[in-house]
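Could you build the full structure based on these sequences and the hints that come with them?
If you read the sequence shown in UniProt numbering, its first letter stands for residue 1, the second for the next number, and so on.
Hints listed in this document are in silico derivations from the structure and should not be mistaken for laboratory results.
Glycine included, C-beta positions come from ideal geometry on N, C-alpha and C.
Heads up, a few of these hints could be off.
[Unchecked claim] Listed below are the simulated DSS-like cross-link pairs for lysine-lysine, each with C-alpha atoms no more than 27 Å apart in a straight line:
#, residue 1, residue 2
1, K6, K60
2, K91, K141
3, K60, K97
4, K118, K86
5, K141, K29
6, K118, K141
7, K97, K141
8, K5, K90
9, K64, K118
10, K60, K29
11, K86, K5
12, K6, K118
13, K86, K97
14, K91, K29
15, K144, K5
16, K141, K60
17, K90, K144
18, K48, K86
19, K29, K90
20, K118, K5
21, K90, K6
22, K86, K64
23, K90, K118
24, K6, K82
25, K5, K48
26, K141, K82
27, K48, K118
28, K64, K82
29, K82, K118
30, K48, K64
31, K29, K6
32, K90, K60
[Claimed, not checked] Cβ-Cβ distance ranges computed for the label pairs, FRET-style:
#, residue 1, residue 2, range
33, K86, A14, 19 to 29 Å
34, K144, Q77, 28 to 38 Å
35, D11, S78, 10 to 20 Å
36, T61, N3, 28 to 38 Å
37, G65, N23, 30 to 40 Å
38, E18, K64, 16 to 26 Å
39, N46, F128, 32 to 42 Å
40, S78, I24, 16 to 26 Å
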Amino acid sequence: MINIKKISAEDTYAIRLEVLRENIPLPYKFNGDFDENTFHLGAFSNNKLIAVSSFMSMSKTEFKGLQYQLRGMATLQSFHGKGAGKLMVKKAVELLKANSIDVLWCNAREVAVPFYLKQGFTVVGELFDIEFVGPHYVMKKELK
Numbered sequence: 001m002i003n004i005k006k007i008s009a010e011d012t013y014a015i016r017l018e019v020l021r022e023n024i025p026l027p028y029k030f031n032g033d034f035d036e037n038t039f040h041l042g043a044f045s046n047n048k049l050i051a052v053s054s055f056m057s058m059s060k061t062e063f064k065g066l067q068y069q070l071r072g073m074a075t076l077q078s079f080h081g082k083g084a085g086k087l088m089v090k091k092a093v094e095l096l097k098a099n100s101i102d103v104l105w106c107n108a109r110e111v112a113v114p115f116y117l118k119q120g121f122t123v124v125g126e127l128f129d130i131e132f133v134g135p136h137y138v139m140k141k142e143l144k
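So, in structure tokens, the structure goes:
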């Protein structure tokens, strides 16, 4: 069974580094990690942290209303496909709706687009490249 809990920014770092930044010269500590409105979720299996995600109050001019950005979603390789990401998105949506947030958006790696589509996100705009990381799409989920 996988449990989702709020965690600290520091708790996200090891998995971010291993999954998102391995051999990539970009920071695994994000601007906004410690902002008052930022929260981080962790997925635990048998009390082991197996996946992390961060949610930051961040607006894009293309979207209306109150917005949050999902950043740093990462699951340890041996736990891919077990539902941790889905459960973290579900929990975040509950928390964001309770705070009257209108839109959750992210910059999704091209390979993660099918995952986000299954969670109710839609692709917005064209494919773009993030140096050292690769092709991404902006994706959003309307919460109202």
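Worksheet item: Where does the structure disagree with the numbered hints, that is, which hint numbers, in rising order?
Response: The structure breaks hints 28, 30 and 38; every other hint is satisfied.
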